[in-house]
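Chains as they are written, first to last, in full-length UniProt numbering: chain E, 1 to 255; chain V, 1 to 284.
Warning: the hint list may mix true and false statements.
[As the list claims (entries may be wrong)] Only part of the chain E face toward chain V is listed, based on derived beta-carbon distances under 7 Å: (1) Phe30; (2) His34; (3) Gly37; (4) Gly40; (5) Ala185.
[As the list claims (entries may be wrong)] Across the chosen pairs, the derived CB separations fall in these ranges: (6) E:Leu130 with V:Ala268: 44 to 52 Å; (7) V:Gly191 with E:Gln231: 25 to 33 Å; (8) V:Gln264 with E:Lys114: 36 to 44 Å; (9) V:Phe29 with E:Asp29: 50 to 58 Å.
Rather than coming from a laboratory, the hints here were simulated on the basis of the structure. C-beta: ideal position from N, C-alpha, C; glycine also.
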Amino acid sequence: MNQAIETVRAARSSNKITDQEIREYLFPDFFELHGDGAYGDDPAIVGGIATFHGQPVTAIMTSRGKNLEERMKKHFGQPSPSGYRKALRLAKQSAHFGRPVLLFVDTAGAYPGKKAERYGQGQAIARNLLELGQLPTPIITVIYGEGGSGGALALACGDEVFMLKYSMYSVLSPEGFASILWKDAGRSAEAAELLGLTPDKLLEDGVVEGVIPFAQDKQVQCREIDQVLSQEIKKLQALSSEELLARRHERFRKF
Amino acid sequence: MQLFEKNNTLSGRHVKTDQSTWDQVPDDFLLRCPKCQRVIFRDQLDEYMTCPSCDYGSRISAKKRLEWLVDDYEEWDVGISPADPLHFPGYEQTIAKGEKHSGLKESVWTGIADFGGQKAALGIMDPTFIMGSLGQATGEKITRMFERAIAGKLPVVLFTASGGARMQEGIFSLMQMAKVSNAVAQLKKAGLAYIVVLTDPTTGGVTASFASEGDYTFAEPRAMAAFAGRRVIEQTIHEKLAKDAQDAETVMRHGFIDAIVSRQEEKATISWFLKNGGRYESGN
Ligand SMILES: [Zn+2]
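Chain E extracted, bound-state conformation (with noise of 0.2 Å):
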């Protein structure tokens, strides 16, 4: 067994970190902000306020549910055009009072679904790729579970992106990857090492700026995420706009 599919296996463990836990222990005051302002508020994604080391921050995260009704909801934690288009709202609203971004991902992907098609779900990728990469605020994203495509880009096209120990980012999911060029899914285990999408390998890819150890418990595992955040951000508003904005472009640029 490699350690890529192993890798895989852990990111989608269901005793893995979830939103709920991220919220209760990092944001105890997160105040949620619902909706799109347009026509819809995708439960997939949960944004908010919440106040961080003193100071206001915008929070934003996938979220997959607790129970099977929440779940089903949620599509199982895969966003839908309106979750783009909320989490896209509220990092605007967050830019235009000079907070802080923080994104939380753990999504196999965008849901395929037909409203989801019918209601413009490569348009809403693209218009957080076009428009969240260039609000002059830090936005910070950490992979918490799946990052799975672009689906994760749209949330993690900022400042930094950090991964836990065990979670993983790809353009595609090694089944998907081993039945498209293949024909056959049950090589997924060959195509999770093939994918490169362990948190080590992206890292000495430059995809990623960091790695988050692993804690079992999950209040210290937070407190692992919160360390790097608070961390990061002071980096981050240390920089002026324009500094930010030309770091941001260059973090793409090179690939």
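Use these hints to put chain V with the ligand onto chain E, whose structure you have.
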């Protein structure tokens, strides 16, 4: 002028719905909650005037709201009152009735207020004054409130309640939508926060302008938040509208409201947002 003599005109309906304000009802009176249909005694209601079973916030005057909403306030532009640009027959009496019900000279109260130590410009539209309709003087008071907020670097909190544009003032009423919107835009340019609280009912031209332009949009439970009235829609599409189609909760699911906030939580929530939802300068 036959259109205006019918009972079914918009303005006629505004005046009729006026009677649904619970605070003008005697204490020993039985009331029915228009949302959950539960029967309640008037004296079961506390200062918040919310339905004990569904939390619906009944229509109350701006002055009643001030009693529990803020710690301190000072009123602005007390003397501004409606003109009668169309010389509309009977308008004077309508205004007099509104004054009597609300204790205001126009359908909005404006001033500066303190929410748990956080200062803000505050506007409260009054459903007991010609259904909170948007007259020229209403728009003028709200615009001045925004202008003073900008000059004094204050965020704005606005409670909306309106049957929409005031028909008795014709096109001058319509112009208020754009006038106030321009003032909102100026506030945003100045980087100041604008908090809207939608109360029952927020409709028509107010929904189609400054009620929909907040940085943060809250609504009271079960408040009607809509553009066109139920009857207008049903007569147009020849279909019944779902009972909750224009409830704030439905509108929130459709993406236009940030959160439902009950009256009991309003002061604390607004105070928190005035503190944390506005311009943040790192390093201070
Ligand atoms: Zn009720």
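*Compare the structure with the hints numbered earlier in the document and write down the numbers of the violated ones, lowest to highest.*
Hints 1, 5, 6 and 9 are the ones this structure does not satisfy, whereas the remaining hints hold.
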